[in-house]
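Novice: Residue numbers (the working numbering), protein chains in the order written: chain A, 1 to 367; chain B, 368 to 877.
What the hints contain is simulated information worked out from the structure, not anything from laboratory work.
Keep in mind that the hints are not guaranteed to be accurate.
What the hints assert, rightly or not - A few chain B residues facing chain A, derived, Cβ under 8 Å: (1) Glu389; (2) Arg416; (3) Glu873; (4) Met877.
To be verified - Only some residues are given here: those of chain B computed to face chain A with a beta carbon under 7 Å: (5) Arg379; (6) Arg418; (7) Pro421; (8) Thr462.
Cβ coordinates follow ideal geometry from the N, Cα and C atoms, glycine included.
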Amino acid sequence: MASDVTAAIDRIAERPMPVDPPAIEAEFLAIWRDASGSGYDQSSIRLRVLNFVAVGYRQEDAQRFDGTMQVLPARHPCRGILALGAGEAERLEASISARCWRLPTGARHMCSEEVRLTGRRDRAQELASALLGLLVPELPVTVWLMDEPDVDGWVAMDLLDVADRVFFDSAAEQDLASTYQRLLRAARQFELELSDLAWGRLSPWRELIAQCFDGDRIGQLDKITAIEVDFAREHLPSEALLLAGWLVSRLGLSLADLDVSSGERIRATLYARTRGVTVTLTPAGSAAPCAISELRIRTADVTISVAMHAANSHMHVREQWDGEPVHRTVASAPEDDASVITRMLDEFADPAIYADAVGSALALLGT
Amino acid sequence: MTISATPVNPLRAGLRIPRTPEPCALVVFGATGDLTARKLMPALYNLARERLLPAGFSVVGFARRPWTDADFRAAMREAIEKFSREPLQSDIWDTFARSLHYVSGTFGDIDGYERLGERLLAEDSAHGSAGNRVFYLATPPGAYAEIAHHLGEANLSRSPSGGWTRLVVEKPFGSDLESARKLDQSLGLVFRERQIFRIDHYLGKETVQNIMVFRFGNGIFEPIWNRRYVDNVQVSVAETVGLEGRGGYYDQSGALRDMVQNHLLQVLALVAMEPVATLTGEGVRDEKAKVLRAVKPIEDVDRLTVRAQYTAGAINGLRVPGYRDEPDVGDRSLTETYVALKLGIENWRWADVPFYLRVGKRLPKRATEVAITFRSAPLQLFREMRADNPTPNLLVLRIQPDEGISLRFGAKVPGTRMDVRPVNMDFRYGTSFGIEPPEAYERLLLDAMIGDSTLFTRWDSVEAAWEVLTPVLGAWAAGASPLHYYEAGTWGPDEARSLVERDGREWHRM
Numbered sequence: 001m002a003s004d005v006t007a008a009i010d011r012i013a014e015r016p017m018p019v020d021p022p023a024i025e026a027e028f029l030a031i032w033r034d035a036s037g038s039g040y041d042q043s044s045i046r047l048r049v050l051n052f053v054a055v056g057y058r059q060e061d062a063q064r065f066d067g068t069m070q071v072l073p074a075r076h077p078c079r080g081i082l083a084l085g086a087g088e089a090e091r092l093e094a095s096i097s098a099r100c101w102r103l104p105t106g107a108r109h110m111c112s113e114e115v116r117l118t119g120r121r122d123r124a125q126e127l128a129s130a131l132l133g134l135l136v137p138e139l140p141v142t143v144w145l146m147d148e149p150d151v152d153g154w155v156a157m158d159l160l161d162v163a164d165r166v167f168f169d170s171a172a173e174q175d176l177a178s179t180y181q182r183l184l185r186a187a188r189q190f191e192l193e194l195s196d197l198a199w200g201r202l203s204p205w206r207e208l209i210a211q212c213f214d215g216d217r218i219g220q221l222d223k224i225t226a227i228e229v230d231f232a233r234e235h236l237p238s239e240a241l242l243l244a245g246w247l248v249s250r251l252g253l254s255l256a257d258l259d260v261s262s263g264e265r266i267r268a269t270l271y272a273r274t275r276g277v278t279v280t281l282t283p284a285g286s287a288a289p290c291a292i293s294e295l296r297i298r299t300a301d302v303t304i305s306v307a308m309h310a311a312n313s314h315m316h317v318r319e320q321w322d323g324e325p326v327h328r329t330v331a332s333a334p335e336d337d338a339s340v341i342t343r344m345l346d347e348f349a350d351p352a353i354y355a356d357a358v359g360s361a362l363a364l365l366g367t
Numbered sequence: 368m369t370i371s372a373t374p375v376n377p378l379r380a381g382l383r384i385p386r387t388p389e390p391c392a393l394v395v396f397g398a399t400g401d402l403t404a405r406k407l408m409p410a411l412y413n414l415a416r417e418r419l420l421p422a423g424f425s426v427v428g429f430a431r432r433p434w435t436d437a438d439f440r441a442a443m444r445e446a447i448e449k450f451s452r453e454p455l456q457s458d459i460w461d462t463f464a465r466s467l468h469y470v471s472g473t474f475g476d477i478d479g480y481e482r483l484g485e486r487l488l489a490e491d492s493a494h495g496s497a498g499n500r501v502f503y504l505a506t507p508p509g510a511y512a513e514i515a516h517h518l519g520e521a522n523l524s525r526s527p528s529g530g531w532t533r534l535v536v537e538k539p540f541g542s543d544l545e546s547a548r549k550l551d552q553s554l555g556l557v558f559r560e561r562q563i564f565r566i567d568h569y570l571g572k573e574t575v576q577n578i579m580v581f582r583f584g585n586g587i588f589e590p591i592w593n594r595r596y597v598d599n600v601q602v603s604v605a606e607t608v609g610l611e612g613r614g615g616y617y618d619q620s621g622a623l624r625d626m627v628q629n630h631l632l633q634v635l636a637l638v639a640m641e642p643v644a645t646l647t648g649e650g651v652r653d654e655k656a657k658v659l660r661a662v663k664p665i666e667d668v669d670r671l672t673v674r675a676q677y678t679a680g681a682i683n684g685l686r687v688p689g690y691r692d693e694p695d696v697g698d699r700s701l702t703e704t705y706v707a708l709k710l711g712i713e714n715w716r717w718a719d720v721p722f723y724l725r726v727g728k729r730l731p732k733r734a735t736e737v738a739i740t741f742r743s744a745p746l747q748l749f750r751e752m753r754a755d756n757p758t759p760n761l762l763v764l765r766i767q768p769d770e771g772i773s774l775r776f777g778a779k780v781p782g783t784r785m786d787v788r789p790v791n792m793d794f795r796y797g798t799s800f801g802i803e804p805p806e807a808y809e810r811l812l813l814d815a816m817i818g819d820s821t822l823f824t825r826w827d828s829v830e831a832a833w834e835v836l837t838p839v840l841g842a843w844a845a846g847a848s849p850l851h852y853y854e855a856g857t858w859g860p861d862e863a864r865s866l867v868e869r870d871g872r873e874w875h876r877m
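So here's chain B without its partners, still in its complex pose:
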């Protein structure tokens, strides 16, 4: 993984963590918001308690509310008590809280940025953070360009004392190809690409990272990881939840923009990319971008995509409303809450292997999986012998919950007859390592502070992903493909089943 070039600390040799962030200040725009309270602050607190934050570290919250440092600390304490995976310990909190500060200002108020600059200089002096800054935009995406512009205007995008500055932005990065390009241009006026860290929290998940280890750290899988042995690949994200208060945003976005453009295509890229020569951030991101650029353009949108919206139904024994009855959703909304796609990758490894993607809300269970179905054995020896054949080998990478990997193969049922039955060989993180993986945000925040961009999305990948979906967005906007409906608590519309069944396949059962 890449590390920013700094002199090597001889005391780091042989330590559990060979890399650690340099002293720095983390500025959180949108510091009073939900993301800060639910994810960022608990992650920072847990990094602090586990000795993973640098010695000179401070957080400066920036938001509109007229809070003081004390108000900010009180709110963050409450957030940690509520959302942290580890309980708050007063002694640790007391010293952590001293590093929390707050600057009040609106995103369009240049005076606020100047006050922020003064505050950061004071932090450099007090904590020795040497002008190193991470600006984290935990704000609505519409504010990204404005904040970046003002950071540049206030000379905050460049460190005053030879340090580094980085910008972390959350997805979505644009709402289509054009808006994404426009946003990229806006950020590019102020920050260079190497300074921009586009966060996709899926990439911080242990199993997603394990896809690379699984593929490239083992000798047995890569030789069969190609069109000769793989029949099809399915990437599925099933959610039981509805909108959870995000109706205003989601109704503008929909499942394609909210999930497929980033999470699903990033996971697809990790599954399909070529091996990297070295495990550097740029090496991995180069290969991911190549795969996304090799995705076959979706020409027949009606045949290769399915969009649907949930209606009222029941989940886990509870009645739930239909999408259009959710708060902040229009009565006639045509926003999709379910998407299924069939993609192809035009390269030597994957030509003619279909990649099926599906994502949906209000499905019967919460699960994210990559299922790789292998071609059947060339000769079906056991076809006539009460076997369940042809049951192809199936490799499932479970991303959440219960992260792990399972492999299905046929085994002889004990007895005098030659009965064959599919069995599963299971690896689970929880059992093999006895611990649960850390929160994705802990890993990603740490990497952003360290400067390791491997798990962040580079602009060319973002652009390529939008290019893949642009024909779909266009066709859907033009009404070329009908919006289907599915009852909440079911596995989606019949049309999604047809998408794979007409190829003689079926969705992997989650």
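Only chain A is shown next, with the shape it has when bound in the complex:
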């Protein structure tokens, strides 16, 4: 797609407020009246196509929310609401602000609104109630569970009842088996549309891998003998497991034998009818910006390698048929949370594909 609106951001105001939704709404109205009448920006447009709610329990979540709101509204104009259950303050506190993006053509701005609600973690119920009063009616509600996906807890507070989509990041969890199981159960029980950022980060990988089997090459899928995922973390990251799980589920492979070494290296033998396929997940260094460093798919005829070169924001595809290897490079920078959420909001969710991938990932974990 073409470039986004310019990143030039002006914050119009940041004002502490009582935690009182009607007062907050009135203050927003005042801000927009001031903005249009002050000559600051005669052509600012308040746009809201979404309620974007972030909930977190750590002080640093405020910065993560801030970082996201510097990116997200330029693509999905929204009212952003942060509910932060952190700190020691006795009373709930609120502040509001607004920021604008200058559009590429002319002097027009598009502006979004932000509300921050903070209180002690044990006052999450009150935070949720205030938050519900601040949702813009008739607009979709997206909730981002920034920390541990305490789905049950937030459902209990009615927050997820109103959510159209819930974001979380399974990559932030150590115990992947437990995380996947909990989330799948919650999705079924509460009929939630769950969007895993770890899954979202796999989109470029999935697209490039799928491309290698388009058209006449589709026959190669039946000749796959090995799938090898190298991950760049000390512990097995969710992304690597989901990528392997996705391939296993889409190829309809059944698990026959599994060797898991302390959750860090996996070697599995799977079958598609009578054909054996080995799947290995192997640590290959650590501290790279992206969790997966390389994926190799071996078939009887070709070895396909897809690798992320984070330093130069590219991905490389290498195909080794009989002759000279064929290389391809595409743009693909490692994405931060804001970029992944922004992109995932553009895309249709694929809950069944994700659920299948998670199911196969759980199988690869031996659960």
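Starting from the structure of chain A, add chain B where the hints point.
Specialist: Here is chain B on its own, set in the frame of chain A:
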């Protein structure tokens, strides 16, 4: 949208792009030309960088200049650096450039086509493109028939290995009904209709595509999209530019052939067509063709058309020459740079609703819009109350620039009196989605490679469009309708205003 029948790749399920081109080779005839440099190559580069090209993909440029692969790559790199919407990144360019090749030959030289065939077989082997080929004619239209003939002669119109071949041609498709039919017959000797993709880059524009979404994806508009509620429809294309080095071509063509026969009538067809049962390429193209065939024949050319030519004037504060002073234009040229038409569509939906079309060069601003004016409310309650009534509701589909849609309606002015004032409700792509739409050529090239013909013009539409304009071309050639003049920087001749004013209407202000 239609997709060529191929086995379903299970890895595609749930992906952002559920369809992708099969591995293929794109052959560009006229590879050293302006269109290749300005549009095609930047579009291909951006498709490559966004992972939208297939894994086995190559481009083979074909032109007269005695270039090598290296020369072609160097020229295309320069073109991308100059014209791409995204800056060139060396790493991506390096692998993209490896897929670029060049074959030197003239369009009439059969040996060149044989060398091209050999090159394509080598590409099939190196990239696994399986004999799938797109031949893109980025050449003067006069070369289309010859190239198609030689492609057939060299057995390139059929894939050697069970793959597919497609031919993409740019407008104009013929210069009148007879020449268009002749060209169609020439291409038809070598390619079947389903292999021919007639590109009209207007149809790749986001707002043009959005016309269908707007009409058929919303429940509130289609019930009023007919003669009972619509007073008139205006399709306007205003350009500030003059000829931009195209004097030789334009002076032979004129605005009617260059713009009305393709862009304006295609947009009219999208606005006026019946709903499709399914969103398939053939379904959409069937309905568009039906509308064009229902256009009432223009019998009184003098009364229903206006043609004009610009004289010297000023645009955006700069003096500009008159048309006849442009390079490659004859001193006595009678070529029209402005056209206004009144058309009618003879079907149940549109009977008696006038469709006004206008297009012109050197007008005060650049804009392309479809304006649908609705009938006024049956009872003018607020006529006596300082209202601006009768100001009818107006729906404007802005195609360029600033793509979007606006709806005008009356609203009460705050206060103790019942004053009514027209206000606009605006939707803009740039603000509601926060991004600019991709270049039309990116979408169209991708669709051609995928085999989705929805946004391409089928022969029956082309033929119907020429049939609509044939009486006009004939009358104008016979001098039946005078050529008027307008000063550059104005909205066209007075006669164009009269065309709508005598119906008690006025042109929508752009």
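Novice: Provide an ascending list of the numbers of those earlier hints which the structure does not satisfy.
Specialist: 3, 4
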